[in-house]
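Mapping to full-length UniProt numbering: the sequence shown position 119 is 119, numbers consecutive.
These are calculated hints, taken from the structure and not from any lab test.
Glycine included, C-beta positions come from ideal geometry on N, C-alpha and C.
Treat the hints with care, since some could be wrong.
[Claimed, not checked] Label pairs and their computed distance ranges (CB to CB):
id, residue 1, residue 2, range
1, Val59, Pro97, 23 to 29 Å
2, Lys258, Ala71, 43 to 49 Å
3, Leu153, Ala252, 35 to 41 Å
4, Gly30, Ala252, 17 to 23 Å
5, Thr241, Ala71, 25 to 31 Å
6, Asn251, Ala57, 20 to 26 Å
7, Asn101, Glu249, 34 to 40 Å
8, Glu37, Lys257, 38 to 44 Å
9, Glu249, Glu143, 24 to 30 Å
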Amino acid sequence: VLIRTALFALIKVGVDPNGAVCLNAMESAGVDVTRVERSKNVQTGITVSIVGSDDRALVTFPGSITALKGADVPDQLLEQFGHLHVSSYFLQSNLTPALPNIFQRAQTLGLTVSVDPGFDPAEEWDAGLLEALVYVDLFFPNEMELSGLTGMLTPGEAVRTLDNGRTIIVAKLGRSGCLVRNDGVSIAEPAIEVSPVDSTGAGDSFNAGFLNAWLEGEPIRECMRSGNMCGGLATRRAGGTPGQPDRSELNAALKAKK
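Assemble the whole structure, with the sequences as input and the hints as a guide.
Spelled out as structure tokens, the structure:
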């Protein structure tokens, strides 16, 4: 997703019911989908979340998720925006090899860049990501991804390992809140109190809350609180998006917590 004052989606979907559902949901949320390519040659990728009392599993049919390629992200597109956010680094198999170069070009063009790595299905945890972090402003791994990327046993050790002197490492720790490594200093912020129904999509909601505050110039601590609030509130309902707060609900919740 590319962000300035508006939100733009750069994805490919199939000409099928699942694609229509995705587009309708994004349009309803105010996302500009004019750059979404609809193709009859692919089926829209889908992920099924299987939720238990203590854990969840995700089953993915990649479909159009793998259709995006490096050539779909030229400089002429990037230079129209102020921020680039990439999710599921390892899952977009045809785009992944080009992402380090895309991050570098985005930085050269003056964009800020954020990345949520997502889980690596191959569990190789490579694909040039760690080397590419020098072009990334914000990095949003969860606890499992931190362990896979660094081999470290604790989040504290992991964020110190990833500290490259430039990238702000934002570790999402679920019920333990979040941990940020910035300028050689680690900062922790507890999670909000909530009775979770489904954690699917909570990490993406956290990203949105943190990024919204960061792009508005808020201090890191406020960004962490905004991320925790969005992530926590998103767990109140089943599904990846129904529990996500809008801006007015987020602002009210943050005000009530102060």
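Taking the hints in turn, this is what the structure says about them:
For the pair Val59 and Pro97, the supplied restraint of 23 to 29 Å holds, since their beta-carbon distance comes to about 25 Å. Range check, Lys258 to Ala71: about 47 Å between beta-carbon atoms, so the 43 to 49 Å window is met. Taking the beta carbon of each, Leu153 and Ala252 are about 39 Å apart, inside 35 to 41 Å as hinted. Judged by the Cβ atoms, the range 17 to 23 Å given for Gly30 and Ala252 holds: they are separated by roughly 19 Å.
Judged by the Cβ atoms, the range 25 to 31 Å given for Thr241 and Ala71 holds: they are separated by roughly 30 Å. In this structure, Asn251 and Ala57 break the distance hint of 20 to 26 Å, their C-beta atoms being roughly 34 Å apart. Range check, Asn101 to Glu249: about 38 Å between beta-carbon atoms, so the 34 to 40 Å window is met. A hinted range of 38 to 44 Å holds for the C-beta pair Glu37 and Lys257, which are about 41 Å apart.
Separated by about 27 Å at the C-beta atoms, Glu249 and Glu143 satisfy the suggested range of 24 to 30 Å.
Against the hints set out earlier in the document, a violation occurs for number 6 only.
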